[in-house]
Structures are given as C-alpha cells and as structure tokens.
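> Produce the complete structure using the sequences and hints provided.
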Amino acid sequence: MYSQAVTIQNVTGLHARPATQFVKLAATFQSQISISTPDKNGDAKSILMVLSLGIAQGTQVKITAEGNDEKTAVESLVELIQSGFNQ
Amino acid sequence: MIFRGSPVSVGIATAPAYLYKKEPIVIDYTQILPDQEEDELMIFSAALDLSIAQMTKLRAKAYERLGESAAEIIDAQIMIVSDPSLYTDVENEIRTGHIRAAVAVEHVIQRYIIAFSEIADEYLRERAADIKDVGMRILRNLLKLPPTGLGLLDLEVIVVAQDLSPSDTIMLDKSYIKGLATDVGGRTSHAAILARALEIPAVLGLKNITELVSHGETIILDGGAGLVLSNPTPKEIQEYSAKKEQEQTGRKALEELRFLPADTLDGHKVHIVANIGSPDDIEAVVHHGGEGVGLYRTEFLFMKSDHLPTEEEQFQAYKVVAKKMAGKPTIIRTIDIGGDKKLPCFKMPIELNPFLGWRAIRICLDEPAIFKEQLRAILRASVFGALLIMYPMISGISELRKANAILAEAKAELQAKGIPFDTNIKVGVMIEIPAAALTADCLIKEADFFSIGTNDLCQYALAVDRMNEKISDLYQPFHPGVLRLIKTVIDTAHANGKVTGMCGEMAGDPLAAALLLGLGLDEFSMSASLIPEVKKVIRTLSVKGAQEIAECAMGMETHEEIATYLKKVSNDLASSS
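Just so you know, the sequences run in chain order D and V. Under our numbering, think of the first position of the first sequence as 1, with each following residue one higher. Under our numbering, think of the first position of the second sequence as 88, with each following residue one higher.
To be clear, the hints were calculated from the coordinates, so they are not data collected in a lab. Keep in mind it's a predicted model, so treat the numbers as computed, not measured. Idealized CB from N, CA, C, for every residue including glycine. Honestly, I wouldn't trust all of these hints.
To be verified - Covered by chain D, per the in silico footprint, the following chain V stretches (three or more residues, Cβ under 8 Å): (1) 247-260; (2) 360-370.
As the list claims (entries may be wrong) - Simulated coverage check for chain V against chain D, where a stretch passes if three residues somewhere in it have a Cβ under 8 Å from a Cβ of chain D: (3) 158-165; (4) 193-204.
To be verified - Calculated pairs, DSSO-like style, for lysine-lysine (alpha carbon to alpha carbon, straight line, at most 30 Å): (5) V:Lys265 <-> D:Lys24; (6) V:Lys513 <-> V:Lys532; (7) D:Lys40 <-> V:Lys429; (8) D:Lys24 <-> V:Lys391; (9) V:Lys219 <-> D:Lys40; (10) D:Lys24 <-> V:Lys144; (11) V:Lys391 <-> D:Lys40; (12) V:Lys434 <-> D:Lys62; (13) V:Lys391 <-> D:Lys62; (14) V:Lys265 <-> V:Lys144; (15) V:Lys219 <-> D:Lys24; (16) V:Lys489 <-> V:Lys330; (17) V:Lys410 <-> D:Lys24.
As structure tokens, then:
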C-alpha cells in the first residue's frame, strides 16, 4: 500500500472537469485507489464518490493505492492535482 | 398575470405555451425470488449499455450544435452511468433487498441525490440534476419506455416546465423553441447555461408557472427582465413585439463593435477593461472584447477558502489569470477585506463602523506576513503575463510608503532565492478616500498609476452609507463634490505623466462615459457585460466634444442638473449616430 497527501490547488476544487479528469486518470491504473478527506473516504475511480466528497479548494486529501502499480498511480494523481489540472 | 423569475437568457418571445410534463413512471415494487436476481442484473446491465449508447449519440449531437462545453455535460453523465459504484450499489440492493432492478436504481439514485443536495456548494447541488437525469434515463430503459424529450416538437412554442433536465435541454431546437420558462432553477442551472449558448430567451425559477398557465395559451417571455406575461392584451403583444425588434437591432450593433478599439471619433484611444473576481470570469472578458483587467478582486479567493490561501495557492490562481489574459494588462488588487466582506478563516473584530474600520490595506499593514505572502505570489505570477499591483484604501502617503517597503522586502526575498519576477512591475493606488484624492500630488510621486474606486469614494465623500436604504437618494456619483475629486485625481496624474483608471460602478455607466472621457480618464473598468455599451458611447464622441460636455457639467451646481444634462447628451448622441 502506498499513499501521499496533497492539497487541492485549483479554485473550483475537485468539481466538474477536474473531478472528471481525476477519475479518468485513476481508472487507467490497475490498483485499488481511494481518496480521503479528513472526514470522508471514497473510491477514486467513481465519479459519484469523488463528487459527493465535495472537495473544495484548500482541502488536504490523501490518495492511497494498493496493487502492482500503486506508486505510479498515487504519484500521477498527486501530480495532476498539483498542476492545478492544467487550468 | 405577470410572473417574475431569474432572467437567465436575454431576448423576447411571444408564442403559445407548451406545457411539458413528464408522465409518472410505474414501477413494480413486489419482491423477487432469489433465482430472479441474475435476470434482474442482466436487465440492468442491458439498460446501462443502452443508456450509454443513447448518450454517446446525444454527445455527438450536442458537440455539433453547441460545442465542447455542452458535450462535457453529457460526458459527465456518461461517466456516472459507467461508474463502478453505481453498478455495485444497485447489485447490492437487488441481492439484499430481493427487489427489481428498477426499484434498486430508484433507491440508489435517491441516495446520491440526497448526498449531493446536502453539499454546501451551488455547483455540486446542480450536479444532483445530472444524477436525477441519468437515473430517469436508466429507469426508462429498464422499463422499455420510449425516450422523452422536446426534440420532436415541430411548432413554435415557449416551453413551460417544472424543470428541464440536461437531456431535455440539449434536444431543444431553436427554430421551434422560442423561449423557456420553468418553476425551478437559476443562473447556474444547465438549462440556463444551454439557453444562453443556444441564445433562447429564458426565465427560470418562476415557482408555480406550470400550475397557472394552460397548454396552448399565448404567453410573452422577456428573458432580460425575467418576466412572463400570461393572457397578454393585444396592446402588450404589440409593445413587446416592438421591444423585441429594438433589442435585436441594438444587440446586433453592439456585437459588431465588440472587437473594435475604443477610439474616439478624433482618434484618441481609451482602454476599456473589466472587473473580475476569479479566473472563471475571464471568458466573459474576452467574449465582450475587454482589453485587459482593471480590477481583479483577490479577496474572493480568500472568501471561498476555509483557510488563508497559501502563497503557492495564490500563485496558482494569479498565474492562471496572467496566462489567460495573454499579455493584456491585469491589475491585481491586494485583499480588500473588512467593511462588508468577512473571511471565514480570519477573525475580525466586531466594529461599530466597519466601513470606517479595520479593512483592506490597514489590515495588510498590521499583518505584514499575510500581505507579503500575497505580494510574493503576485510577483512570482508576474512572469506569466502583464500584471500590475494595486493597493486599496490608501488614505495618504505614509501608508503607500509602508506598503511599498513590504513590496521591496518581498522582491528582495525572491531575488535572494533566485525566483524570477517582473522587476519593473507597476504599482498603483486605488483612490477611494477623499483625503487620498486631495493628496494625489504626493501619492503619484511614489506610484505608477491611480484607479478611482467610485463606490467607496462616493460613500466617503458624501458621508452616505451605501447599505442604508433610508438615505440611498443621497448616494449620488454625479454630486459636484465627487466629480471635483475625480477631476483632481485625473489632472494630477496627467501633470506627472501618469494615467488614471476607474473601477467603480460609474465607469460602466454609459451616461457617465462622455463626462469621464472629457475629464481625461484613461481607463474604464467595468463588469464585462457592460463593455460593448460603453465602447459604443466612446466611439460616437470626440475628445473635444467630450471636454465641452465635461466643462459644462462641472459648471453645474446640483447632481440633478448634471444627471438631466448627461441624459440629454446621451439621447442626442444616440439619435445622431
């Protein structure tokens, strides 16, 4: 299992297009991936789960993956968040 | 009868009402036997596949007719249908509750709708509509019902509905659907966004219009005013038809000059720029032909956050703005909190007179760490575009010097670390306190530009609380006292070879344009949607003519006289052009 914490940078938070990009990227990995906020937790490959976490800008989230590509998965997702979703 | 709602898409329409109601879906709630579970799961899978196939077609149609942003709405829905947790949730429901797939879908969708409606975010609450829409589609496919929609309409109507789902809206054919009126919804609903994209006049949030208007009766819809009239008299129909024609000609003329420069008849150039509160507003700035940003209100970034945005978070936001503005000048105003603007993440004292209290630059100078963090973020972003810095609520030269000293420290820190920034970044003072206007000659020696914030300048000069309705008639930007302050500021900047902009409401008032041009204002900054109107006025004037108008107005004694005079000037200009 591998995990990393990251703060959501972009102003809209993990909504709309950023959420879609995030889930699409998560789905490309084989590992089980979850995203958690201080009080909630959800499947990173589920748009419904990710959106219902209601993650706003400035929230610190933890990305955790378990599987053969866990490290790459977490690092790529963290990088996407840090890039501010290329906005 | 008149109905009032949110004006979400401009335009006027007169047509028969088409009452769009969805017939209720009948679901079989009886329990199933354990050996039927697999069948139900198969039916569910097939319904998901069919839904995805339908939506893929819809996506293509949406892309072709409405472009990428409409297609993205459908994309989000396709993702929901393909969501693995939707499938497992429904599967669990079927297996543990021994219920039919349709009942399970209904339960699961309802749960997500509730979860989304509880999120304190308008955008996400609207996403509940996506889930509802997707749920209805899956249900109809499960029950083998034909698809619904407005795509089959073939006569001119105004659609009156309780609510319109994204799939309903994307099917709208502009040649038949002349207007949209709904009981619920607001400016950020899908229906609103798509109505604007399709340029269909729309009024949403009319509460109970579906109960009070009957199918087929002629109604009038005014999308700009947010009105719907049922049972119109022949006179009203005639009036609105005239208004529609006028609106159309007016809009067309404005559209045409959107990207023309704001030059006067005699070739003098002024800058017409926009006020923004977030990077999301830039699209509108570009759309309306704004030549830059005259005021970026950074406090909204702070107000939306549950903590003070870090330097890095601020840097990201300012960088987006700098990049999106692509080299066009962008004035970033350092945080202007206090007064009526509170931060969730920053404790402020309760004050008797908050507008005369601890606000804006006063807070920044008392909390230099917060201020310097913002200045470093702006400086770092300055290499990605043409950024300028502006301090709000400066009352005199001492504050300007203190602010500039902190800016110098921020620059030195970045330099020491080898972080690049625009070393020639321009720094301006927002003039909104009468004492600052009167000492403009001192301020301009240590600043690069002025920008007049007329809203506060007017409230402070006239001692009128702009939130107090009892004295709202005393709040008069055309008061000769206010105008003299404005003139002093502009003249002082010019005498020192520097420029003055204006970023208050007055700058976007077409009535004030001639006067301000005549006083020599260099930059007009306003809400993006007001740009074409002001540009139109500027383009009908000559500097000499405007100077004469200003001279005449400055010689008057009351705001009533000045307002009447400027209205007359405006009418004369409109009829001569």
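> Hints first: check each against the structure and report whether it holds.
A quick look at each hint next to the structure:
Judged by the Cβ-Cβ criterion of 8 Å, the segment 247-260 of chain V is not covered by chain D as claimed, because only 0 of its residues qualify and three are needed. Counting residues of the segment 360-370 of chain V whose beta carbon lies closer than 8 Å to any beta carbon of chain D gives 3, which reaches the threshold of three, so the coverage claim holds. Check result for the segment 158-165 of chain V against chain D: holds, 3 residues qualifying (beta carbon to beta carbon below 8 Å, three or more required). Counting residues of the segment 193-204 of chain V whose beta-carbon sits less than 8 Å from any beta-carbon of chain D gives 3, enough to reach three: the coverage restraint holds.
Taking the CA atoms of Lys265 of chain V and Lys24 of chain D, the gap is near 38 Å; set against the 30 Å cutoff, the hint is violated. With a C-alpha separation of about 13 Å, the suggested pair Lys513 of chain V and Lys532 of chain V falls inside the 30 Å cut-off, and the hint holds. Restraint check for Lys40 of chain D and Lys429 of chain V: the C-alpha separation of about 28 Å stays at or below 30 Å, so the hint holds. Distance hint between Lys24 of chain D and Lys391 of chain V is fulfilled; the C-alpha atoms sit about 27 Å from each other, no more than 30 Å.
Straight-line distance between C-alpha atoms of Lys219 of chain V and Lys40 of chain D comes to about 23 Å, which keeps the hinted pair within the 30 Å bound. Restraint check for Lys24 of chain D and Lys144 of chain V: satisfied, since their Cα atoms lie roughly 20 Å apart, inside the 30 Å limit. Distance check on the hinted pair: Lys391 of chain V and Lys40 of chain D sit about 21 Å apart at the alpha-carbon level, within 30 Å; holds. A distance of roughly 28 Å separates the Cα atoms of Lys434 of chain V and Lys62 of chain D; the hinted pair therefore holds under the 30 Å criterion.
Between the alpha carbons of Lys391 of chain V and Lys62 of chain D the distance comes to roughly 21 Å, so the proposed pair stays at or under 30 Å and holds. With a C-alpha separation of about 25 Å, the suggested pairing of Lys265 of chain V with Lys144 of chain V holds against the 30 Å cut-off. For the given pair, Lys219 of chain V sits about 22 Å from Lys24 of chain D by alpha-carbon distance, which is consistent with the 30 Å threshold. With a C-alpha separation of about 55 Å, the suggested pairing of Lys489 of chain V with Lys330 of chain V is violated against the 30 Å cut-off.
For the hint pairing Lys410 of chain V with Lys24 of chain D, the CA-to-CA distance comes to about 26 Å; that is within 30 Å, so the pair holds.
The structure fails hints 1, 5 and 16 (numbered hints given earlier, in ascending order).
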